[in-house]
Amino acid sequence: MATNADGSSIACIPYGTQRLLYGLLDSANVQLAVRLFGRVGEMRLEYTASAEIQSPLQSDATAAADEKTGTAPSMLMTAAAAARIAYLTHILHAASGDEAHEVMALSQRYTLPSPYTT
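Its first residue numbered -2, the sequence shown is counted upward by one per residue in the working numbering.
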């Protein structure tokens, strides 16, 4: 579920691999909070984020600037990094040395928890 700044819920529809959600927002909204739940095997995952809503052109420009300036990554990039960390650190998956280094790099870049970083 996504929520407006006032706390009212917005229904979202999973698309394809269910890593992309579609929802309709009132154009007056300036802030969006997202809370996602899921499972990978026995592990329960939860992702919570909040961000200001930007027009598509402004979002594209910001995303391009993020890679060049090193400013805060977008919610989508952070969610993708969290999903990759969850996959690589799953209890049934024995991580190789390269995968452990990937998890550490993602954890540090996106400020996400992992078993390899503090």
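If you are wondering where the hints come from, they were derived from the structure by calculation, not from laboratory data.
Be aware that a few hints might be false.
[Claimed, not checked] Okay, the calculated beta carbon distance ranges per label pair: (1) 41 x 93: 22 to 28 Å; (2) 41 x 102: 20 to 26 Å; (3) 47 x 97: 26 to 32 Å; (4) 96 x 30: 30 to 36 Å; (5) 102 x 50: 25 to 31 Å; (6) 49 x 95: 35 to 41 Å; (7) 114 x 73: 20 to 26 Å; (8) 73 x 27: 14 to 20 Å; (9) 77 x 30: 16 to 22 Å; (10) 48 x 90: 26 to 32 Å; (11) 97 x 77: 15 to 21 Å; (12) 35 x 91: 29 to 35 Å; (13) 41 x 72: 39 to 45 Å; (14) 48 x 95: 30 to 36 Å.
From the three backbone atoms N, C-alpha and C, an ideal C-beta is built for every residue, glycine too.
If any of the earlier hints don't hold here, list their numbers in rising order.
12 and 13
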